[in-house]
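K.L.:
Guided by the hints, dock chain B onto chain A, whose structure is given.
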Amino acid sequence: MTNTMDYQKLGLLRQSPTSGWLWSSLQQDLYLQASGQRGDMVSHGASTSSPPAPQKLCPLAFKPPDPQDFTEHMQNFFMDHCQDAFGSMSEILNEDLIFKQGTKKISHIDSVYMRKMESLIKKGKLKKRPLSFPSKVLNAYGSMLSDVLPAVPPALLGSLLFEELKEQRERMLFSEAATGGALAFVPFSQRSSDSQSGCLLYPGNQGLDCLNFQRVELQQHRGTPPCLNTSSSDLLSFQLKAPIRQISTASLIDNCCVAVRSDHLVESGEIATCVSVSPHVLGEVLVASESGAVDLWTVGKGMQRVREEEENLYFNAKSSWRWCEFSAHPRVMVYADRTGVELTDIRMSPVSNHTLFRISNTPECRSGERLILSRYLADIHPFHHLITTQHSAYIMDERFPCVPMLKWDHMMQSPPMFCHTFPGSASSRTAKVLLGSHSSQEITLLQYSGAPQTQRQPETPSCPTPSPPGAGHQQTVLTADGGGGYFLPDPGHEQSHTPPPALEKNIISEINPAQQPPQSLRLISETSSDEDIIGPTQTQSFVAETQEEERPEMDIYASSNESWSQRKSHYMKNLQLQVIVNDNDNEDQVSGLDSGLNDETVSGLDTGLNDETVSEEKADIPEEPSSVEEKTSSSQKLSDGVLVTWKQWLQKVMQKSHKNKPRPQRRQPFKITTEELIYLSSDDEARKEDSAEKELVENVRRDLRACMTNRSLLVHSAVSASLGDQEVVEVPNAVNTDGWGDPMSERLTVSWQGEGAWKACFGSSLSYQSDLSDFSDLSGWSSSASLGAWSDSEGGLSQAEGSVGSGIPGAATPSSSQTDTVVPTLEPGNQTPTSQRGNQTPIRNQTTTPQRGNQTPTSQQGNQTPTSQRGNQTPTSQRGNQTPSRTNAPPNTPKPLDSTPAIVRRSKPQEDYLSALFAPQDDPSLHGGYFLEEESPVLHAPPPVASSSSQSASLRSVRSGFSQSLTPSQSSQGRPGLSQAPLAKKKKPRMGF
Amino acid sequence: MDDLDRELLAVKDLEDDNDSFDDNSSKASTKSKLPLVNLDMHAEPPRETGFHRSTRVCLEHIRDALLHHRWQEAAEYMACYPQMLEDTTNGPAQSYKELTWRISAEILHHHPKSKLEDYNNIYERMKHSGVRHYLMICLEHSFHLLLNGHIEEAKRQLSVSESWRYGKESAAQFQRAKLIQAYRSLLDYIIWCDKKFTHSSTEHSDFADNQDIRNYFRTASVNLKEILKNPGVWDPFILSYVEMLEFYEDQEEALKVLNDYAYDNSFPPNPNAHVYLYQYLKRCDTAEKKLMKVLHVLVPSHELMLEYSSFLLQSEKSSDLQKALGVVLEMLDFACWRSNLDVWKRLEAIIQKLQLEKDWKDVVFTKMADRQGWWPALHFTNFHASKDSEENPELMQVKAPLTKTLCPDLTLKYTDWQAINGK
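Heads up: the sequence lines are chains A and B, in that order. Read in order, the letters of the first sequence are residues 1 to 993 in our numbering. Read in order, the letters of the second sequence are residues 1001 to 1423 in our numbering.
Just so you know, these hints were derived from the structure itself, not from any lab. Just so it is clear, CB atoms sit at the ideal spot from N, CA and C, and this is done for glycine as well. Just so you know, not all the hints are guaranteed correct.
Cβ-Cβ distance ranges computed for the label pairs, FRET-style [claimed, not checked]: (1) A:MET89 - B:LEU1067: 41 to 47 Å; (2) B:LEU1116 - A:PRO225: 50 to 56 Å; (3) B:GLN1211 - A:THR355: 44 to 50 Å; (4) A:PRO225 - B:GLU1086: 41 to 47 Å; (5) A:GLU364 - B:GLU1060: 47 to 53 Å; (6) A:ARG347 - B:SER1200: 39 to 45 Å; (7) B:HIS1150 - A:ARG347: 49 to 55 Å; (8) A:ARG347 - B:SER1266: 27 to 33 Å; (9) B:SER1266 - A:ASN205: 27 to 33 Å.
Here are some chain A residues pointing at chain B (derived, C-beta under 10 Å) [stated by the list, open to error]: (10) ASN212; (11) GLY302; (12) VAL332; (13) GLU364; (14) HIS381; (15) ASP397; (16) ASP409; (17) SER427; (18) SER428; (19) ARG429; (20) ARG701.
Pulled out of the complex, with its shape left as it was, chain A reads as follows:
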């Protein structure tokens, strides 16, 4: 990995599967060095053809690269990657040189030289004096061409390589960015005594930029060593934009917070050196950076500067490494650098600091000893801290500062920078501290007793000196052979009886301060508004957790009933939101939040849809009292991908509509319950498929594709062959808009006449200016089909606008002047809501149209009968149709829609349904930057460049949804306020086919 990046940095190497530098990354060793060590270059060339197995890293014998070897690296590079090294220049010189042996690729210079070169190579002289040649002619050519021939001037290449090797050497000897470790295990509840399951978090990929969640189970059978079973579940991984340096977790009652650190902080470009999740308060994270600043990040409330220290604490250690941890008091932080540890009380301002540990004050401190890691041992003892140096490990009691309770010589060769702890249990009194080093892969298990299980009696440190060996403290050194970079701490047999956590722990939020879309979102995160930084979901959820807004009750027990697959669905969602929503509470809050964020204009439908999303996710929870059958059936149909896409889309819409508007008074959130909305999707009649129908679907699809490739219109005749006989759809009656006298309806009516008319109408009213700007914004981006940045939901949205014809999403009210066949009966249906009627309509149309776009073969039935087409316009039916389509799509990569069918629609409204219905699911042009842009309200931001994304300081906005599940009471009572329920009920007969 390292070399890969390095060479990419130098712009030298193309990636090719045969080149050796890929595999060599496993050894954290430069390929070139490895080949150089082999000596003979010719034989080396042969050896690379078969990828050699990674060398076993022996803890005793690993060797950091020597920067002085850069000439060898250069030489190997020239030899093994001559195309890269000389390719461009030789192309140019090609014409001027005489080729007598045209077959050899390498011979861009003439054959005489080739032979000479070969003989030179065999003599191995090139190695020692690369720039002097024995032959005069060669020398002349050499001096003439040596500057110009290589693609990169040798001097530059050499200095860069030297620098790189030096850096690598340092990194290999001690990589301080990795401090803390990026491996975490979150146990679930423990049911049986001899198996322990939990979630393992670790970075994946070569670049370590993929966050993996894997369910693992520790199985202990008598007589066999404990083994880790990972087969029970599949891996959930999230692609991040920079390597993961540290994963910090903290479990609170039945939640677990996870924070991930990459290299950079957002606003300052500072390198983050530490991230630490609070074990006290959900959603509090400490972030330390190289500037010496520590921020308390209360998710949902933003950053609060806790401490800033330009110098090192006690003496000038010339180190900008900083560390921070929580302590027993939620408002007292541990601040550490290489010279010592201080306790910082942030309740006062200025903060008061007390020394906890000072490197030169410890007994038998050695020359050059530095602090490597500080860790709050919350699960062992509420007041204990572990501090490690190169030579020793200390246990400190924060009530008893400056005097170590315990000191070990850990005897490790490399400084211990990883630590996992196991609290003592009933069967084993000793608490265990597992230390691991970065490069030499040593692990050391230290045990100590005296951390009482009953926390009533504070432990009193008793001995002023290092505790003598053999006096009750054991030390076991385990060394791992080379191989994997990390080791799962083996709890051993003593741990098998660890008391189970009280409740199941769930991953509720993934907080990634260093991850952010590079351009647009960064701008936003610099603004003061928290909502913008964090995104609505998480803002509200945390607010809810901490400030306890008015909000309906949550059912927290639902989470324990969740199946893994369901949890997975939450993960998936989070993948795209960069939030892990894994709790039922989350769901509730997410939905509550969503509805809360809605402006009045949009609230009705969004709320409904959102709730529905949530409830469908929850659908198979047996505790939901009503309409069980529908829910179970719907749960079968809705795939994770649907939910993800759906929710994402909705959130986008709401974020959009929420922008620039004050947060409205939150209305009753759960106006719409699940059953009506998902009724149709769960309707068996609607879903009945037989093979013939499938075939039909395929045919229609094929026709559609053909139409698209020909750029012809998808007319009825084009598909009628495959569809077979169909009833001719009657064009519905024109809508009589006279009866709708309220301003909104009027505007909507006008809007059907085109954008100009609509704007004129709106422009007259100042109160709608902001809305207008929003909408025009929407129309602006949606009109461009090449906007790759938006997810399919936006794609759908844009299509919706296109299909509506006016370019304004809100203008769905059919007017007589249009040939559009928005079913007239639908409109009254939509407007049945008495209160928000006018406002609600546009959004409803927004939401429905894209769903039309998502429709898939299953809904083809609907097309066979005219009535069902009308039915397709009702939200319910579309939902039903949408389901299978999303199931077909890969769950992780929701695909944007092609907007072509929408254009067709304008002229041929009748076929529009079909076109939308059979719209191809995939348009590659829309894919780029999907993840990057999805959260970004800045619409035309350029797609991020990979290099900038890895280096840009970015603060990933946290969208940890603390959503909550629908409690039974809500699902039953929340409905009446909004009109969707009656609306949906009306639709039912339509959809009955």
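P.N.:
Below, chain B without anything else, positioned relative to chain A:
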């Protein structure tokens, strides 16, 4: 014996090094160069004799055997390894001595057939192989004897090492000598306790006058008194000293020792010192006011703060009541007290008493002002509600009504939860 001088010099170097931190990283870059343990420790030195190679290989084998818990094999290799100590060509032999000492002890700790004589052998041999570790090895030896119940023997060991002197006394040597002295006195105390116990079970009358036993007290107390003047953490020693003083009814000296221990600023801040003083004063039936004064400076998370709050609660002054509120609230900040029923009950009692006053709302508000931001999340989420209702319903009954008092402006999920699920 110039070898020894070199060792002592090395010790001195080591100690002096502590102050010279700044000049070990000369690079001006932001990344510090962390001085690392020598990675090439096991690498082949450039010029190596056959002897050195075999000992190096031997060490590797020992290490391997140790790591795989093959104690017998390690012991066999170890039998050969001390040859290294006799090698004079090797420069700093110090590390090998420590290595031999530690590895030998480790093997003996684990070897199934290790006997006390083996320990004695090894320790004696190692003690006399060099001066630098003499005191530490003596201490370890006596600990081992103690663990096996040989108190007298251990005491003899300590006495011997107490009288050991070599050359100019270094700071580390001085500290270790003090430590050995202290442990020797502790053993005196233990013997004193034993005698007291056997004596009291047979005769009841004149134990205090028994000269033999009194001698133990005298030797122990003289030493301890001296040692306790040195700043440090002397918890077990001071307890035994105070116990002996109390037995001989020297209350003044006991109080003075404890007071010095608690309030002398040259000592590291030691919460235990205050606890000992408090316990002693309580045994002597000291007035509440004095007790409160001791508790006042104790760490806020200590369990005695509960007692402190009860004193404050009983007090007549209204300022004390506010103080009690502050004390209990602060206790509840800490992780270890958050679900403690007693503390919550105390808080309830304080609030009840406080509510008799007019301005109680202001008082609570000021105390809660800087906690408003995080207390709800710390105590009153629905997670806490479900946990409390499951594990400690009584706690929930106490907590729930308090939420309204403490956070009047917020609607807390804790109570909502209780309202819905609690009943």
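K.L.:
Give a verdict on every hint.
P.N.:
Hint check:
1. Distance hint check: the CB atoms of A:MET89 and B:LEU1067 are about 55 Å apart, inconsistent with the given range 41 to 47 Å.
2. Here the CB-CB span from B:LEU1116 to A:PRO225 is close to 34 Å, at odds with the stated 50 to 56 Å.
3. For the hinted restraint 44 to 50 Å between B:GLN1211 and A:THR355, the CB-CB distance of approximately 49 Å keeps it satisfied.
4. Between A:PRO225 and B:GLU1086, the C-beta spacing of about 42 Å keeps the proposed range 41 to 47 Å intact.
5. With their beta carbons about 27 Å apart, A:GLU364 and B:GLU1060 fall outside the hinted range of 47 to 53 Å.
6. The hint said 39 to 45 Å for the Cβ distance between A:ARG347 and B:SER1200, and at roughly 52 Å that hint is violated.
7. Against the hinted window of 49 to 55 Å, the Cβ-Cβ separation of B:HIS1150 and A:ARG347 comes to about 53 Å, which satisfies the hint.
8. In this structure, A:ARG347 and B:SER1266 meet the distance hint of 27 to 33 Å, their C-beta atoms being roughly 29 Å apart.
9. Hint check: B:SER1266 to A:ASN205, Cβ distance near 56 Å, so the stated range 27 to 33 Å is violated.
10. Checking A:ASN212 against chain B: minimum C-beta separation of about 27 Å lies over 10 Å; hint violated.
11. Against a cut-off of 10 Å between C-beta atoms, the interface hint on A:GLY302 is violated, since the closest Cβ of chain B lies about 12 Å away.
12. The beta carbon of A:VAL332 is positioned within 10 Å of a beta carbon in chain B (closest approach about 9 Å), and the interface hint is therefore held.
13. Interface restraint check: A:GLU364 against chain B, minimum CB-CB distance 7 Å, threshold 10 Å, status holds.
14. Interface restraint check: A:HIS381 against chain B, minimum CB-CB distance 9 Å, threshold 10 Å, status holds.
15. Interface restraint check: A:ASP397 against chain B, minimum CB-CB distance 9 Å, threshold 10 Å, status holds.
16. Of the supplied interface hints, the one on A:ASP409 holds, with its beta-carbon coming within about 9 Å of a beta-carbon of chain B, less than 10 Å.
17. The interface hint given for A:SER427 is broken, as the beta carbon of that residue sits about 21 Å from the closest beta carbon of chain B, more than 10 Å.
18. A distance limit of 10 Å between C-beta atoms decides the matter here; for A:SER428 the minimum to chain B is near 18 Å, and the interface restraint is violated.
19. Hint status for A:ARG429: violated, given a least beta-carbon distance of 17 Å to chain B, over 10 Å.
20. Annotation: interface hint on A:ARG701 violated; nearest CB of chain B at approximately 49 Å, more than 10 Å.
In summary, the numbered hints that this structure violates are 1, 2, 5, 6, 9, 10, 11, 17, 18, 19 and 20.
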